[in-house]
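Student: These are the residues of each chain, in order.
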Amino acid sequence: MDRIRRNKYVIFALVFPGLIIYAFAVLYPIFKSFYYGMTDWKGIGEFNIIGLENYKKVIFEDKVFVTSLINAAVLAICTVLIQHPIAMFFAIIVDKLGGKLESFFRAVLFIPCVISIVVTSKMWVNVFNSSYGLLNKFLDAVHLGFLKHDWLGDQHVALYSVVFVIMWQGFGYAFLIYYSGIKGIPEELFEAGRIDGANSWQQFINITYPMLKPVILVNVSIAITSSLKQMEPIYLMTNGGPGTKTQFVANYLYTQAFTAQKYGYANAIAVVFVVICLITTVVVQKIFKPRDI
Amino acid sequence: MKLFRKGLVFLVAIALLLSMAACGKKASKETSPTPTVSDSTPSTPAEETKEPVTIKFFSNLPDRSSGQGLLEQTILDNYMKENDHITIEIEALQDEPFKQKFQSYVASNNLPDIFNVWGQPAFFEAVMEKGYAAELNPADYASYNFFEGSTTDFSYNGKLYGLPRNQDITTIFINKAIFEENGVKIPGTYGELLQAAKDFRAKGIQPLSINGRDKWILNLFFQDLVIKVSGNQQTIYDASTGKTKFSEDPDIRKAAELFKELVDAGLFQDSFVSADYGAAQNLFLQEQTAMFYMGAWEVGMASNPDNSEHFRENVGLIPFPVVEDGKGKITDVCAWNGGGYAVSASSPVKDEAIKLLNYMMHPDNWPKIGWQQGLVVPGQKYSDYMTGEENVLQVQITDVLNTATSMSGTPWNDFNPGDWKANVENYIQEFAAGITSVDEFLAKLDSAVQ
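Protein chains in written order, with this note's numbering: chain A, 1 to 293; chain B, 1001 to 1450.
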């Protein structure tokens, strides 16, 4: 059986279907996009090849594209600095609870991830509404009326409202990964620590954190790449508005293709976007991998 | 043993390849029915055997129980009742998703047999030019009483490709009770509109709801202001085509300043930038706002039993107010023929689809049923169908239409093809949200003109 597994033909036969699917579902569309990115195709009828014109425009001239990337960066930073510490904190707390309470909180914290994004996005649009929304009503009730905002319409806060919702929606996943990471730490280590007189904080710094490092790194790289790819909550909540203040790349290329009917240009954005995602992934892996895992 | 192993390897490889081939076969089997339908239909018209025909209908009216959607559904149901062999498959999406799906249908050359279109260059011109819409015979519609000029935007190079369904006109719907209870004057001029906004705000009432997330409605509101300031329907189109400049035309600048003044006075409801059509309309239907800026296609609100009786008794409409020192009259209106239908040129059941289209728009159907049930303002002469039982909005809109001295035609944001629409709609939303100043807004508009 072992020899069969090592046989090149078998390996080929097993890998080939996957490769074919990958080639047709991923590589071929990217090359096709690259080709369409060199055209002025409007989605209807014939088109002309215009060389790298679109690519130049995306990289050097398109301010909205830059705004979208900056927004993605803001989201990534907020996710890593705000969502993750909280998720880790909850993971540690829930792990300590044990019994029925533990499974209850585990389920509750994961609920936002299970509900459809359409539902949660529309729910938050209503919560954020400045006239009948829950949030402003609540602020009024606790005498914090001066904090009231048009949460999705005010150019200064709209982005952070959207970022908040995306973090809320993704909280369950971040929590779950940390939680399972913590579950994987052998209990004996904590026991030994306790015997040596370590308090909770010392246990966290000297046991939990070092043991959790690989998990943190995986989680952070997932957060960064998923920040780049955000689409649905933005499309559903603001569609990039007001103006282009909350635009993200995926939504921007979608509007360029389907509202502005610039298919060629949208394809160019898509290709540049793929390259940026690849570079980011490689950089993130490089930064984290050799020293820590 | 070696032979056995080789044989096993070979078998595994074959099995895998076969399983893939099986998948492939399945897929090709599933796609086969469509061509057979198209093969058989052309032979049917001659013989009256009435083989079953399925017509795919792509609509932008997802609400099938009120307004235009109800009318469309009623007529299609009637048609199926009268023609047993016809089945109509309806796919309905709201405007924006509709446009996006439409694009992907076009890109894959797979348009449904009959579909909604907007008679606006930004949407329909390329579709007609590239031959996606079937040519219609104008003689068929000689007795259909379409208003003069209403089919212009559905024609290309002198050939007819689509039919309009309504006379569209912007208007401010009002709730008389809210005005009376608060002692606010129903605005006839810009100054009164501004005052009404301030008065309502002072009483904690949101004056006017508008669906700012959809952007195009803000463009219409701006166009209404330009018309009332300049008194010339051409002003905004001249700037849109580059004959004049947005930033240099004093009337357009004035209109932009007035627009800003209204926004700053809080005329639009809170969060209007993120409010979609349904959210904005709901505020008005629930009597939370005193006014609602929208097109005449919403006249059905006054007869829709889903709306409260109190609302139906108090709803009314006013034409867009004049500007005190402006040159535009109250009878210069922003009106056009927007929505309509066209048939796919590559439809396998093209003749049947055109028959259905002709049935729908027949004077006895769309205009008559639509008008008499208070669902639409048809794009065809409807004076013969007056019953005296029209709802208040229908009566008032007919008044506005009958006294109109000039009409704008295609809204300015739909006037140019390509990315013009996306750009100017973004710019006005930024302006309305207070992100850009009057100067920046006008400069951006100029930059969008190519």
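Please keep in mind that the hints were generated in silico from the structure rather than gathered at the bench.
You may find that some hints are simply not true.
Claimed, not checked - Cross-link-like lysine to aspartate or glutamate pairs, in silico, EDC-like; alpha carbons within 16 Å at most:
# : chain 1 : residue 1 : chain 2 : residue 2
1 : A       : K122      : A       : D2
2 : B       : K1130     : A       : E232
3 : A       : K42       : B       : D1439
Stated by the list, open to error - Pairwise CB distance ranges (calculated):
# : chain 1 : residue 1 : chain 2 : residue 2 : range
4 : B       : Q1234     : A       : E53       : 44 to 54 Å
5 : B       : Q1100     : A       : I86       : 52 to 62 Å
6 : A       : I50       : B       : D1351     : 38 to 48 Å
7 : A       : C277      : B       : K1381     : 37 to 47 Å
8 : B       : A1202     : A       : I50       : 51 to 61 Å
Stated by the list, open to error - Derived contacts from chain B toward chain A, CB cut-off under 10 Å, selection only:
#  : residue
9  : Q1100
10 : G1131
11 : Q1288
12 : F1415
Don't be surprised by glycine CBs; every beta carbon is placed ideally from N, CA and C.
Student: Given the hint that K1130/B pairs with E232/A, test it: the Cα-Cα distance must not exceed 16 Å.
Tutor: Violated, at about 32 Å.
Student: How about Q1288/B: closest beta carbon in chain A under 10 Å, or not?
Tutor: 8 Å, holds
Student: Given G1131/B as an interface hint, is the shortest Cβ-Cβ distance to chain A below 10 Å?
Tutor: 9 Å, holds
Student: Looking only at beta-carbon atoms, does the pair Q1234/B, E53/A fall within the given range of 44 to 54 Å?
Tutor: This hint is violated: roughly 34 Å between Cβ atoms.
Student: Is it true that Q1100/B and I86/A lie within 52 to 62 Å of each other by Cβ?
Tutor: Violated - the Cβ-Cβ distance for Q1100/B and I86/A, about 36 Å, lies outside 52 to 62 Å.
Student: For K122/A and D2/A, compute the direct alpha-carbon distance and say whether it is at most 16 Å.
Tutor: 55 Å, violated
Student: Check the following: the C-beta atoms of I50/A and D1351/B are separated by a distance inside 38 to 48 Å.
Tutor: For D1351/B against I50/A, whose Cβ atoms are near 41 Å apart, the range 38 to 48 Å holds.
Student: Tell me if the interface restraint on F1415/B is satisfied: Cβ within less than 10 Å of some Cβ in chain A.
Tutor: With a minimum Cβ separation of about 15 Å from chain A (threshold 10 Å), the hint on F1415/B is violated.
Student: Please verify that hint: Q1100/B, Cβ, nearest Cβ of chain A, below 10 Å or not.
Tutor: 4 Å, holds
Student: Take the C-alpha atoms of K42/A and D1439/B, compute the straight-line distance between them, and say whether it is at most 16 Å.
Tutor: The given pair, whose Cα atoms are some 31 Å apart, is violated under the 16 Å limit.
Student: Verify the CB-CB distance for C277/A and K1381/B against the hinted window 37 to 47 Å.
Tutor: At 58 Å between Cβs, range violated.
Student: Holds or violated: the 51 to 61 Å window for the beta-carbon distance between A1202/B and I50/A?
Tutor: 56 Å, holds
In summary, the structure is inconsistent with hints 1, 2, 3, 4, 5, 7 and 12 from the numbered list given earlier, while agreeing with the others.
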